[in-house]
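If you're matching them up, the sequences are chains B and Z in order.
Read in order, the letters of the first sequence correspond to residues 65 to 286 in my numbering.
Read in order, the letters of the second sequence correspond to residues 65 to 286 in my numbering.
Incorrect hints may have been included.
Remember, identical chains collapse to one label, so a pair may be satisfied in a single copy or spanning two.
With a straight-line Cα cutoff of 25 Å, these simulated SDA-like cross-link-like pairs (lysine to any residue) come out [what the hints assert, rightly or not]: (1) 74 - 155; (2) 114 - 247; (3) 114 - 248; (4) 98 - 162; (5) 98 - 206; (6) 98 - 209; (7) 98 - 218; (8) 114 - 199; (9) 104 - 77; (10) 114 - 125; (11) 114 - 82; (12) 74 - 86; (13) 74 - 137; (14) 114 - 189; (15) 74 - 209; (16) 98 - 158; (17) 98 - 165.
No lab work stands behind these hints, which were simulated from the structure alone.
Note that the structure is a prediction, hence the values are computed from the model and not measured.
Number of protein chains: 2
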Amino acid sequence: MGRTSDARVKILSAAQSLIGLRGYSALGVAEICKAAGVPKGSFYYFFESKEALALAVIDEHWTGQQRTWERILSADTDSGADADPLDRLRRLFEETEAGQLAGQEGCGSVSGCLFGNLTLEMSNQTESVRARLQEIFEAQVEMVDAVIAEALARQEVTVTDTREAARSVVAQLEGQVLFAKLYNNTRHLGSLWTNCLALLGGRATGEATVREATVGEVTVGG
Amino acid sequence: MGRTSDARVKILSAAQSLIGLRGYSALGVAEICKAAGVPKGSFYYFFESKEALALAVIDEHWTGQQRTWERILSADTDSGADADPLDRLRRLFEETEAGQLAGQEGCGSVSGCLFGNLTLEMSNQTESVRARLQEIFEAQVEMVDAVIAEALARQEVTVTDTREAARSVVAQLEGQVLFAKLYNNTRHLGSLWTNCLALLGGRATGEATVREATVGEVTVGG
Chain B
65 MGRTSDARVK ILSAAQSLIG LRGYSALGVA EICKAAGVPK GSFYYFFESK EALALAVIDE
125 HWTGQQRTWE RILSADTDSG ADADPLDRLR RLFEETEAGQ LAGQEGCGSV SGCLFGNLTL
185 EMSNQTESVR ARLQEIFEAQ VEMVDAVIAE ALARQEVTVT DTREAARSVV AQLEGQVLFA
245 KLYNNTRHLG SLWTNCLALL GGRATGEATV REATVGEVTV GG
Chain Z
65 MGRTSDARVK ILSAAQSLIG LRGYSALGVA EICKAAGVPK GSFYYFFESK EALALAVIDE
125 HWTGQQRTWE RILSADTDSG ADADPLDRLR RLFEETEAGQ LAGQEGCGSV SGCLFGNLTL
185 EMSNQTESVR ARLQEIFEAQ VEMVDAVIAE ALARQEVTVT DTREAARSVV AQLEGQVLFA
245 KLYNNTRHLG SLWTNCLALL GGRATGEATV REATVGEVTV GG
């Protein structure tokens, strides 16, 4: 049983890498099993179908990312540092950029956001995947919404609808990650923070300063 | 020769629809020819490979879209109306929303942006496609950049780097179109205009008003 569980993990891990590099449709079960180093027969022991594997890859990736986002964005941080809500948002972008850069250093290519990639590739074909991705993006928007609401209570932003503002921030993130993938270059992600402040009518560093900085500088690392 | 040219157009048209619905990798040449109503043998008379077809679909789509963007964004409009640069940008978002809605009414699904879809699906696999998509996005950013520069000269926006600002506007567009596809709902595109103004530090309707409206309202049709 130890060995079979290990095979499931290997299949998931290989599938996640391959989907990140080449998308879902381009992959076959045989190729995934070969990359995982497990016999093809094992696949259907663990996964009913390739679609079931895609859902498992999505869930696995979200489990890790959700933990990261909660650690960064939660007000109840163990470290006690970065209690300021806008500082937490800024860290989310910095860690996103660092994560994409680390991925590029690992495999040579910026792989982008797994959820964004699969949204554009699969959501019109596979309703189960669309539904799961909707839940994940809603959860992301909700987490960002909560931080914006905190910032609003502190009068650090001027939005009137925190939910829509959060959606726009996540949309900007997805759009810039798309460019990072297209150019295989993470430097575009450096503008996320100033863009976020602009979208929120933020005044973390003083209204005038923020306005000047808005989309005006691309500094790697935020 | 009339018939063969017709076959090429049919293949391109069928391929564009199918790629919009299901992506590139999921499609086979046989399926494309069947949808086009042409014998499979015709395919390789017109296209060296499936990759060559993808490039032709991209070029065909861009030829049309470039003409539309130029018509909307150019200062030398025949109609003479909407000479104000920010009004032209607003019209770009309105027509994008209308186009996605018309597509949804036609086939039941919001198909999103062909270039964004193929960027996330193909750019790490096929360098020729990545290069072509880079050129297209650069051209889009350049067109938006020119309009922002005009608005800046009229002191209607406050950005310091019009190129980066243009890239952020196109990134926001791609991110919101991703959500429109995910939810099969174009209403998210209604926030593009207020978000664009926020990103540009725009004051088309007065600084205070714009700040209040920033990402605060989603009005279909901009």
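Failing hints, ascending?
-> Numbers 1, 4, 5, 6, 7, 13, 15, 16, 17, in rising order.
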